[in-house]
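Asker: One letter stands for each residue in the lines below.
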Amino acid sequence: MFTYDSYHMPLTLRDALEAVAKLPSGGRVIAGGTDIVPWAREGRAGDVHFPVLVDVSRVDEFQGYDLQGGRVRLNANVVYQDFLDDAVLRANLPCMPHCAIWFADDQIRQQATLAGNLVNASPAADGTPPMLTLNAEVELVRLDSGEIARRTVPLTDFVLGPGKTVLAEDELISAVICDALPGYGGSFQKVGQRRSLVISRVCAAALVKTSADGRVFEDVRLALGGVGPVPARLTDIEDMLRGQPVSAGLIAEASVKPAERVASRSRVEYRRHVVQGFVQAAIEDALAAAGAPRPGQKDREKAHA
Amino acid sequence: MPDQKITLTVNGRKVSRPLNGAPRLLDFLRDELNLTGTKEGCGAGECGTCSVFVDGKLVKSCLMPTLKADGAEIQTIEGLSPVGSDLTPVQKAFHKTGASQCGYCIPGMVMAATSALRENPDADIEEIKERLGGNICRCTGYTKIFEAVEIARDVIAGRLPPVTLEADETSDSFIGANVRRIDAPSKVAGKLKYAGDMVMPDMLHMQVLRSPHAHAKILSIDTSQAEALEGVECVITSADVPGKDGFGVFVHDQPIMAREKVRYVGEAVAAVAAETAQIARRALALIKVEYEELPGIFDAEEAMQPGAPVVHDYAPDNLVKHIPVRKGDVDAGFAEADLIVENTYSTQQVEHAYLEPEAGLAYVDHDGVVTVVSPSQNITHHRHMLSEIIAKPINKVRFIMSAVGGGFGGKEDMIYQGMLALAAMKTERPVRLVFTREESIIASAKRHPARITYKMGLKNDGRITAASLHMISDGGAYGMSTEGVMRKAAILSLGPYDIANSQVDTYGVYTNNTPSGAFRTFGGMQVQFATESHLDICAEKLGLDPFEIRRRNMMRAGSTTHTQQKLETCSIEEVLRVAEEFCRWERGAPTSRGAERRDLNGPDVRQSCTLGARFRMPGDEADEKQEVA
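Going line by line, the protein sequences match chains A and B.
Be aware that the first sequence starts at 1, since it is given in the working numbering, and climbs by one per residue.
Be aware that the second sequence starts at 306, since it is given in the working numbering, and climbs by one per residue.
Chain B on its own, in the form it takes in the complex:
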C-alpha cells in the first residue's frame, strides 16, 4: 500500500498524513484517526454503518478509496456533536424514541437521518424512508427510527417544542411510560466502543484460514512458510491447544480449530497473528493444508439412514438429540376423529445478520490471566469451557463482554474466542480478530432448517382429538445449541391448544452443513409455522372460520399441556379477540369468501413498496393504492 499523503479536513480539523496502508476512507477514519463511530458492517456498501459526509454529501466510506477524499471536508458521527456541545435534535430524537437498541447501525442511521433532513427539511415519511433506504437495522424494525426522524424534523422546523426531545415525565411506575435507554447517548453519538473498535498498544491482527471442503480428513498442515513471513508473530492450529479441546452449548463436540478432519465449509483450520491484517492475510495463502475429501452428508433425513456418512465418531447414527413427548393415547384419538389431516412443512436456514460482525480482543494480563473481550452472549459458560481448553484454572481465565452489536442467539457460540486466547498466550501480545461480513455468514451458526410432518385428527366441529408431530432438524456439523432448540421445539410444538392425545418427536441431526444454533424463538418458530399453517388448512377442510377453530381448541386456565404443566392463567382467548378486532377480520370459513376480501388493505396495512416520493406528482397518491385481488 502506498505511503502517499492525504490532506483533508475531518470534523473541522485539518489532517495531513500518509495513508499508512489504509485503502478505504473507512479504514483511514477508523485505523488512523481512531474515529470508530463509523462502523464496518459489511464492507460492500450494503448496510450503511459507515456513512459519512464528504463535502456535504453523505456517502458510504467503505466504497471510497481513501485518496478520493483528498482535499475534501469530512464530517463523521463524532463531528455532529463535538466535544462541549449538546446532542443534535436528530440524536436526541433517537434517544427519545428508543431508536437505538444494539446501537451498531445507529451512527450510520443518525448520519442518514441528518442527511435526509439537510437535503429536505420538510421530507415526508415516504421520503424519509426512501432516503434511509441504504441503511440496515436488524433490531428495531425501523418504526422507532422513522418516528425519531419525524420528531426531529418537526422540532427543527419549530412545529414541535424542543421539550418533545426530552424525557417524558414518569410517575412512580415505569409501566406504560416511555423510559429512555441509559446507554442511548453513547450510541447516538458514536462513542460506544464495540470489540472491533478497541485497540491496545502492540496489538496483533488475526486472520483465519477456513476449510474449503464440507467433509475431509486433514492429512497435514504446513505452517512453516507462513511463520517465516516478516510481520507474522504466530500461526496456530489445533496442535497448539494445551488442554481438553472442545466447546458447545450442550455437547462439547467442536474443537477450537479443526482437529483431524473438517466438517463444514468455513470451519477454522489455522489462524495467523501478524502486525497488520494485510500481512496476516498474505500469510494465510502460505499455509499448506493437505486434505483427503470424504463423502459428505447434506440432508438431515438422509443422515438418519443406516450407512450414511458419519460426521462425528461418537454419534454413529448422526443424532445430536431426540426429544420425545407423549400425552394420552394418540391411536385412540385418531380412531375417534371424523377427519385426519396430514401434511409436511419445511423451513429454511436463516442467518442472524446482526450488523456487528464477530470481533474480539484477547491478551494475557500482568498476572497471567488470559483475558478475552468479545460480544459473547454466554461469557460465563465460555469462561468455563476455555479454562478446560487452555488447561488453566478458572481464576486465570477472564471474559469481558463488550457491547453486543446484535446477537439474536448468533453470538452464543465460542467460535473464535479460543483462537484469540491461544494466539495471545503464544505471543504474549494483545491479538484482535474482526470477522468480515462474508466470514460471519460462512462461519457462524444459523437457524435450524426443519422438516415437520404433521398428522391431526379432528371432529367435524373442529375439536382436535389427536396430533402427532415429527420434526427433523438439520443441526449442521456441530452440536452448538441443537439440544436446547429441539427441547424448546418439542415444548412449544403444539401451540396454545389443548389436545388430549399427542405424540411429539423432535430430532436434531448432524450433517456437513453450516452448524445450526440458537436463533430468536429457539425452535419455536419452526413448529409454530407448522402448527398454525396446519390449523388454517384444517379450518378450510372443515368449513370453519380460522379464528373459530382456534377458539374451540385453545388452552384455558386449568388446562394441562402435553409436557404436563397445569396452566394457572391463559391469555390466548384475549389475544385472539384483539387480533381479530385489530385486523378487521371478515368472519367465515376460508371457503365461504367471495372473490374479494374486504379485510385487506386497511389504513393500517403496510402498502407494497413504492419509490419516488421525491418526484411524485399531484394525484398520484390516490392511484398508488392498487386493489389487491
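Chain A extracted, bound-state conformation:
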C-alpha cells in the first residue's frame, strides 16, 4: 500500500529545490509517479509509507521544450506521449515516437516523464538507448548556498548501474538536452511479454541518415538496452557502417557482432539471439523510415547465408 503524510507540489524551481533540500529521510521526489505507486505493493516493496512526497510535475521551468542550435532541450516534465503527439518533437527526434509507442500505454504516457525514466536507471529503461543515440546530456540542478547551480552530465556518464546515477541527494533533473536530427530515419525494437505495458527484456534504438540517393550510410547511431547493467551505444558497429554503401550483406554482418556484448545476469543465450535480430531490424526499420524499401524475410536469410 502506497501512503504518505504530506504531499508538496512546488510551482517554481526555487521552491522545488528548497523542498528537496529539506526532504526528510524516507521522503521522495516524484514526477509522473507511474513507477513508484505500483512499486509500493506486495511482491515488490510491500507497504511503503513516505513522510513527504515532493511532486515536481508542476514546476514552471520544467514544462515544455526548446529547439536551439541543432539541440532540443526537453524540460523535466516532458512526458512520453509528447513524443507521439507533438509534430516538432516527432520530426526532430525520429527514434522517439517508435520508442514511445512501445512504452507502457497511452494513459501512462500522459503522466510518465522521460526524466523520471532516466533517473530510475533501470538497465531495461526504454528511454535510455534512444537518448544515447541522440547524444543526450542531463542537466542537473541544486541549491548551492541559496543560489541555483546547474551542471550538465553526458547521459553515458549519468547512469552508473542498475538504479544508480550521479544525481546527488539534493539535486533534480531539470532537462534532458539532445541532438535534433530532422531527416534521419529512426526506429526502436523491444521484446517483452505483452504488446502494451511491458518492461523490455531487450530493446534497441537506431538512427540512420543516408545520402540523398539512399545508397550510402552517411550516419548511423545504435544503442542497446537490457543486455547489461547499463544501456550502451554500439560505436564499433556505427563505425563499421558509416560511409559505406547500404547493402543487405553489410547490415547482416553488422548485426552479428553486438551479441558478444550481452552481459546480463539472466537469459544470456536468449538475449544474444534477440540482439542479433534487433540490431538488424533496427537498422532496416530506420532505413525504411528514411525512405528505403523494407526487405522481406527471404532477403534476410539470403544476406545471412
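Calculated from the structure, these hints are not laboratory results.
The C-beta atom is built at its ideal place from N, Cα and C for all residues, glycine as well.
Check before you lean on any hint, since a few could be wrong.
Over 10 Å on every C-beta distance to chain A, these chain B residues come out as not near it, computed from the model [stated by the list, open to error]: (1) R443; (2) A472; (3) V615; (4) E647; (5) T652; (6) K871; (7) W890; (8) R911.
Chain A regions said to be covered by chain B (calculated; three or more residues, Cβ under 8 Å) [as the list claims (entries may be wrong)]: (9) 5-19; (10) 33-45; (11) 51-62; (12) 103-116; (13) 189-200.
Following the hints, put chain B in place on chain A, whose structure we already have.
Answerer: Chain B in isolation, oriented as in the chain A frame:
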C-alpha cells in the same frame, strides 16, 4: 495519511474536502465520492479498469497520487452520461454489440474508447486497438469491443445512422438474431455495484494474514498485540470456528483458516477486521505466528511415490481422486497395431485473472441471519457448507450472489466468505474484504497442471486400434474441484474418436502448491491438448493428412464412447469440414509439404503485433505483411 485538502471538479461539480486518507485518486473517487464506476482491477496500472479523464487526458487513477489532481477537472464514467441524459454513442454501441459480458472492465473500456475517439475521431481499427492497449478484458476476446468502437465512430461521424445503435428488429425467434443484453446499460454506465463497491454504515474492513511457508506446522498464533491496536475490532483464527470446519466442492478438506498446519504459500492464517483497511494491514504485522517448517512436496508424480511428505493425514498416499475408465481389450488392440506411438504431454498452471478480484461483504441481520454478499459461483453449496462451519441452522445463513466480474470457475471456492461471516458474527458489524490483485493470484485456485502419457496403436491406414492415457494432475494443497476435474478429464480424454480398446486413468494429487480448481473446460483442455497433439504426430508418422486421420477415426451417430454412451447424433464430420474449408487447408501429410505453406497468412488470419498506426507512412501497409517461412 494527510488531512490535506483537495479542491477539484468532478463531473462538472466542484469538490473541496480533506483527503481523509485516500492516497490515490482512485481511492478518493471510490471511497470519498462513492464513484464506484471506476474500478480497481490490479492497482498497478496494468488493467485499465480505473481509467478517468484528468484535464481532458485519460489516465489510470490507480497510479495517480490524489493531490496530483488538485485543481484538475475530472471526468469519470458516471460523468459521461449524467443523470437525465442519454447514454453516449460509445456506451450505446457497447450495449448493441454485446461488448459487455462480466462488465468489470467495461467502464474503463468505455473511457478508453471515448478517449480514442476524442483524440482521433477518424481512428482506424489499428489505431483503436493501439489506443485501447492499456485496458484488459478477459471475457470477450476484444472483438465485440473493437466492433463497438468502430460503430460508435461511424455514428458520431454521420457515416452510419443513429438507429444502428438501437436494438435490431427481432421476429418471434431469437435464434440467429442479435439480442442485446438486459444488464448492459448498467455496466456501460458504471452503475452496477459489484461486492467491492458496496458499503454499509459502520462497516469494517478486513485484511488477511497469509502463510509464507508451503508446508509448516503452526506452533502458536499470538493475536494480542493486533487486538490491542486502536481501530481493530477483531482478529479471527481457526480457533473462532464454532462448528465443523471444512469446505470444498467435493471433499471438505479445507479449513476456513489454516488449522494446525499450513499447506501452501498464501493460505489464510488469521484475519483482522478494523475501522480502515490501513489499520487492518498494520495489525497484520503485529500478529505473531510460530511455524515449524515441514518438508514440502511440489511435484505431483513425486507425491505419489511411497515415502513422500503427506499433505493431508486422511490421504496418506496424497491421492485426491483416481478415475479409471476401461473399454474393450487394450492389449489385444495394441497387438493388432502396425504402429505404436508413445509420448508425454504437459500443461501448466494457469490463473483465471478475472478483472474483478475476490470481494465480499458480510453482516448479521436483525433476525440473526448471517448474510454473505459475494460473487460466489456456487452460493447454494456455500450456504450449506457455511451452515455446518458456523453451527447455525440453514435458515440462519444467507448467501447473496453479487455481480460476478469474471469467474471462469475461479470463484467456485469458498476461500474467504467464511472469514467474513466469522468476523461479522464476532463484531456484529458489517465487514468487507476486497482482495488485491496479488492476493487473488496467490490465494485462488488455478487450472490443474497435468502430465499426460499417451500410448496409441494404429493400423497403417490410420485407424486407431487402442489407446491408453495416463494423466497425473497437480491438485495443489486442497481438493477443491479436483475430483470433478479428473472425472471430466477422463470422460473427454479420447476426444471425438471411436476407439474400440481404451484404458484411461486420471489422478488428482495433493501437493504443497497453490490449490488447483475449476477452470473453463474443467479438465477438458489438458486432455484435448494431448489427444490432438498426439493425432498430429501419428498423422506425420503415417504420412496422412491430419484431417484425414481424424475422419478415419471420428465418432458417428451410433458410436459408443468409452464411457458406454451411445451417441444418437454426432457433429464432428461437419466440424472438420467447416474447419478445413475456413482455414483454406492445404491437403496432404505434414511430411509432404514443400518449404512453404500456402494456407497461412490469408486475409482473415491475425497478423503479428505491429504498433505505430499513428505514424505509419504511406506504403508501409504493404510491407507490414512479412512472409512467414
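Asker: Against each hint, give a clear statement of whether it holds in the structure.
Answerer: Okay, the hints, checked on the actual structure:
no., hint, result
1, R443, "holds (14 Å)"
2, A472, "holds (32 Å)"
3, V615, "holds (30 Å)"
4, E647, "holds (30 Å)"
5, T652, "holds (19 Å)"
6, K871, "holds (47 Å)"
7, W890, "holds (23 Å)"
8, R911, "holds (12 Å)"
9, 5-19, "holds (count 4)"
10, 33-45, "holds (count 7)"
11, 51-62, "holds (count 3)"
12, 103-116, "holds (count 7)"
13, 189-200, "holds (count 3)"
Comparing the model with each earlier hint shows no violations; every hint is respected.
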